[in-house]
Each structure stands twice: as structure tokens, then as C-alpha cells.
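Student: Sequence lines, in order, name chains A and B. Mapping of the first sequence onto the working numbering: position 181 corresponds to residue 181, and the numbering continues sequentially without gaps. Mapping of the second sequence onto the working numbering: position 252 corresponds to residue 252, and the numbering continues sequentially without gaps.
A hint or two may mislead.
Stated by the list, open to error - If you want the footprint, here are the derived chain B segments under chain A, 3+ residues with CB under 8 angstroms: (1) 358-368; (2) 371-377; (3) 384-393.
The hints are simulated quantities; they were obtained by calculation from the structure and are not laboratory data. Positions of the beta carbon are idealized from the N, C-alpha and C atoms, including for glycine.
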Amino acid sequence: MLSINNLTAKVEDKTIIKGLNLEVKPGEVHAIMGPNGAGKSTLGYVLSGREGYEVEGGSATLNNNDLLDMDIEERAREGLFLAFQYPVEIPGVSNMEFMKESVNAIREQRGEDALSAAEFLKIAKDACKQVQLPLDFLKRGVNEGFSGGEKKRNEIMQMILLKPTLCILDESDSGLDVDALQVVANGVNSQRDANRSFIVVTHYQRLLDYIKPDFVHILADGKIVKSGDASLALEVEKEGYAFLGKGYEEANA
Amino acid sequence: MSQWLEQVIAQAERQGAPVSWREADYASSLDALKNTPWPTRKTEAWRNTSLTPIEAKKLLSDGVSTASTQIPVIAQLDSIDIEFVNSTLVTDLAQFNLPAGVDIVALENISEQQASSFNTIKPEKHLFGLVNDALATAGVWVNVADDVEFHTPIRFIHHVQDGSENHTRILVNIGRNAKATIIEQGEGHVDSVNTSFSEYDVKAKGELHHYRFAMFTDKTLHAGGCHFKLAESSYLNSTLVGFGSALSRLDTDLIYTGEHANADINALYLLAEGENFDLQTTIEHAVPNCTTTENVRGIVGDKAKANFNGRIHIHRDAQKTLAELNNRNLLLSRRGQINTKPELEIYADDVKCAHGATIAEIDEQALYYLLSRGISRSQALILLNFGFIQELINDIPLTPVREWLTELLSGRFAKMEVK
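With the rest of the complex left out, here is chain A:
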């Protein structure tokens, strides 16, 4: 599904991703952990095509299509979804209108008819209930005045509606209490199936108690330095990133 080979990328002349390799097969859940500044969020931005994140070398393909050659919106239509760590607030554009445009853009790509307002409202209400947001959040401006946790749940709601094939969750657990964490995790788990894959980027092992990963990777200084199964996350939880060397231990303290 996703194949990243020797990817190198920079932000404002500073190389952040330094030869990253990752292979994600359909249905798999990969967790990426790592200390601050390792390039975890950068990886999501680079794959999504964010301006200012420049690929210097290597390749990334999604379903055998060259991801790096596509516009931002084309990547989304190809099935890539990035749940943001800090979703932007957009006053003046209703959440409902935004998600309807988005769902219909992706349906069009799949050759499906656009949903009418009434049809969309029905599925939006269901998704809204699933992430336990009050229904008036559909009418409010996109993320406008939402708390940190509400923004994260709004991201998961979009994921449920868009039915992407590859979901990248960028620290979707940060700033959440245990209840909200469970809502986010349940949302993700409800979408797990044999054809949908996840990359769960997180700082802490906690989220992985709820979303069981098939693989855990440690990202440090722009590269994956260690891979393993779920037990690797527990090990990191216990030991910290000490094995990476002294600098990382301090960064994570």
C-alpha cells in the first residue's frame, strides 16, 4: 500500500527526514514513536504534500502511484488522510459544508454520485455521534472554538466520513484525557479492516494500549532506527529513548 524508500526532505534548508524507509501493507497498523524533533510530524506533512516541505530524494508510493508527484488534494483523493496534531480553525466555513465538499470530492474521484445535503446530513450525524461530539458541532465553523480534545475528535469524524485507505494520525492522543483517548481509539478501531492501513504517530505508549499496533518503529534524527512488535513500545515506555544516546534522553526528559 504505502512504500517509502530512502526519503529525504527538508524544511527551510534544514534536512529533517534523512533516508527513511517504511513499508505498510493493507490492513496493518504501524506505530511511529520517537523523541521530540525526530521528524515524526514532518513525515506526515511531507506525505500530505504541505507547502514548505521539500523532498530532496527518495520515493513514496501509495497503491503504486507516485505520491510525491501529486497535488495535495490528489493525494487525499488517492486515499491518504492525515489527522492533524493541531487542526486549524476556520471561522466562516461551517464544519458541515466543509465535510460535505470533502466527501463529495472524494466520491467524485471514486466515480460515485455526490451526496445530497440530506443524505450527507444523515451520515454526518452518525459520525458525529460516534465520536461523541454534540450535533451542533456540525453547524459551527471548522474547529472554531473547539477544545484540543474536540478538535482531535473532529479529525476522527472526518476520517470516518472520508473512508481513506491510509490514515496517518499525528499525535492524536496529545492533550487528551483517558475518556477522550478512548473515543479517539474506538473511532480508529471501528475503521480497521483488511484494506485500510494506519500509521499512528505518538510520543507515548499510552495510545497503543487502545490501538494495538502490528509494528512499532522508532524514528530518530530523520530515520527509522529500530523496528519491532508492540513490545518495543512497552520497552520504550519503561526505558525511555536512552538507547539512542545521551542527547535523546535529555530531549525526552
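For chain A, the structure is supplied; the task is to place chain B on it using the hints.
Tutor: Just chain B now, with coordinates in the frame of chain A:
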């Protein structure tokens, strides 16, 4: 003086006043034209708009057909359509089956008494207003008698032809407690010069719904105006929409002559490529207890240039005036230019006034967020940036016009380049 203006004066002298009751106006305007220095960039009223495209132009008009053209369609709009082509009224006004109390008559066929407000509402200060006084032979008078509510919109169409000069005049009288809707629609992109000036005399408790669409682009030069006089407890709802061309200017003036009158004015401009549009509004609060709400919003792309000058003048006796003026702009390109100057001039002490102007740019973060959800760039830009334009469109009471403008303006915006 410009070569163009010299030809205007020569032609005006050749043709004379079109009707006897206009002789005095014609003579004084012609005289003023001869004595008015051609504006330069140092002339305050033209500081940000260049007259270069017109000053050396050859006066056009000779030999252009005055055949009726394809009238622009506003779907579902049931209106009385009156068309001007090449300074000529081409619509037979006798064909309309009008109710009692509603008259639509060619200007040259009305009496001096019926024309009593002609040139009393349009201020003398507008250069192209003087040109229009001297050259415009074609015009229409609309009269809605006291207590008559006329619901069918009356639409004036200025659809320009290549090589034409269009100088036309509209005079509208809304009687006491009367009501009417007037649409002035101008479209065109071919080589032509257009001055169309309209005056509206709204009597006590009268209500006017007014639209002016100055949708001239490319080589179509335009300098026009609409001017309103509002008597006691009358109401004006006006929507102005401008596109831009090598030279396009709209002067709007409003004077309150009776208390408790209100005006809601919404103006919009969407300028692409190298278009210029200059909107000037002056509101004279000459009496107490009147309310003005003026919202002016625009989007400027590429190398386009918008100029807005909005003046609200509150006279010494105009106590209890409420006046609000704001101008919001979105600049899509670093090469575009917006000059905005809201002016409040207040001589009364018990008034409530506010004014403001903003110029915003595209919010790149919000745009990225929408794109990352699969929404196309043009659609994302509409979602993010068309809302403040759509808000004013939504205020339009006439549904067919509202729907027509939504489609027209969002389509125009979607084609504008963001750089």
C-alpha cells in the same frame, strides 16, 4: 485639456440640448466642461485612477448600428426590460402594459414640471456627469405615483457594442409611500465609452430597491453614477456590483432631505487580471435621525487595482445619525493593489458612527487543511474566501438576482488566479 474632451465639447455644441427644458443644464454643464481642467493624478478625486485610457481617445459612435442586441438574461426574473444601444433608446416604451400610477416615458417626452428634479440630485462635481449632461440625448423617466407599489422590476440594460459611445440618462421618481425596484445593468468588453447617470428622487415613506451592475471589462471604458435623494421616512436598498476594465468608475451620492430615512448599501467588486475599478460613495446626512449602513467588499487578483473612497458627511444639525461604513478586501496577489479610504466627517455631536477598512490575504494554513481533505483548490478558495462576498449576496431581497449573482460571482472568483 484632453483630445477626447475637446471632441466631446465639439460634438455637444453640434447637437445642442435634446429638449427645451434641458437647455439651461446643457449650457451650464458645457460651460463647466470648458472651464474644468482635465484631471491629473494630482487631482484628489482621480488620485488613484488613471484617465490615460480615455484622454487621447477618438470619439467613437459614428456609424455604429443601433440595432437591439442580445439582452443579458437573469433566469426567472420577470422584469420590464429597457435597452440602450449606442446612446439610443431602442425599446418601444409604449409596449408595456403598466398599471395606473406607473409611467415609463422617454426623457424628451416629459414636461418641464415632470423633469423638475433632473440634475438636482447629481452633484456638479463629477466630470463625467458633466460630459453626460452635454452629450446624453437618450434617457428615460420612471414615475411611480404616490401610494403605488410596483413589484415588477424595471431593468435598464446597457449592452455595449464595439466602437460605440453610450451616454444615457435615467430619472426616477418614487412618490410618497410608493415602492419600486430598478435594475441598471451594464455589460461589455469591447472598445467603447460609457457614461450612464441616474437620479432617484424618493419621496416621503417611499421605498426603492436599486441594483447597479457595472460589469464592464477589458476595453470597455466606463464612468457613471447613481444619485439618490431620500425624503422623510423613506428607504433605499442598493446593491452595487463592479467588475473592472481599463477604466471603470462609479460615483454614488446620497443625500437625506427628510428625517427617519434609512439606506442599506452593499457594494461588491471582483477584479481579475489587470482590471481597474474605482468606487466613490458620498453620503450626506443633512438632517437628523437617518441611518446609513454601507458594506463594501472586494476581491482583487493578479495585477488588478481597486480604489474605494467612501465619505460620510454628517452635517451640524444631523443629530441622532447612525452611520456605519466598512470596506473589506481580499488581495489574491502581491501585484494587485487596493486603495481604500473611508472618511467620516462629523459636525454634529450626538451621533453614532463607525468606519473601517481591512485588506486580507489568503490564509495558507486553512487552504492546506481543505486541500488535504481532497477539496479542489478553486473550491477551497471559494469556501474560504467567498463567504464574505456571499454574505452580501444573501442580503439581496430579489431571489432571481441573488441566484444569478451567486453563480456569476463565484464562477468569476473561481477563475481568478492566486499568486
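Student: For every hint, state whether the structure bears it out.
Tutor: Taking the hints in turn, this is what the structure says about them:
1. 358-368: holds (count 5)
2. 371-377: holds (count 7)
3. 384-393: holds (count 3)
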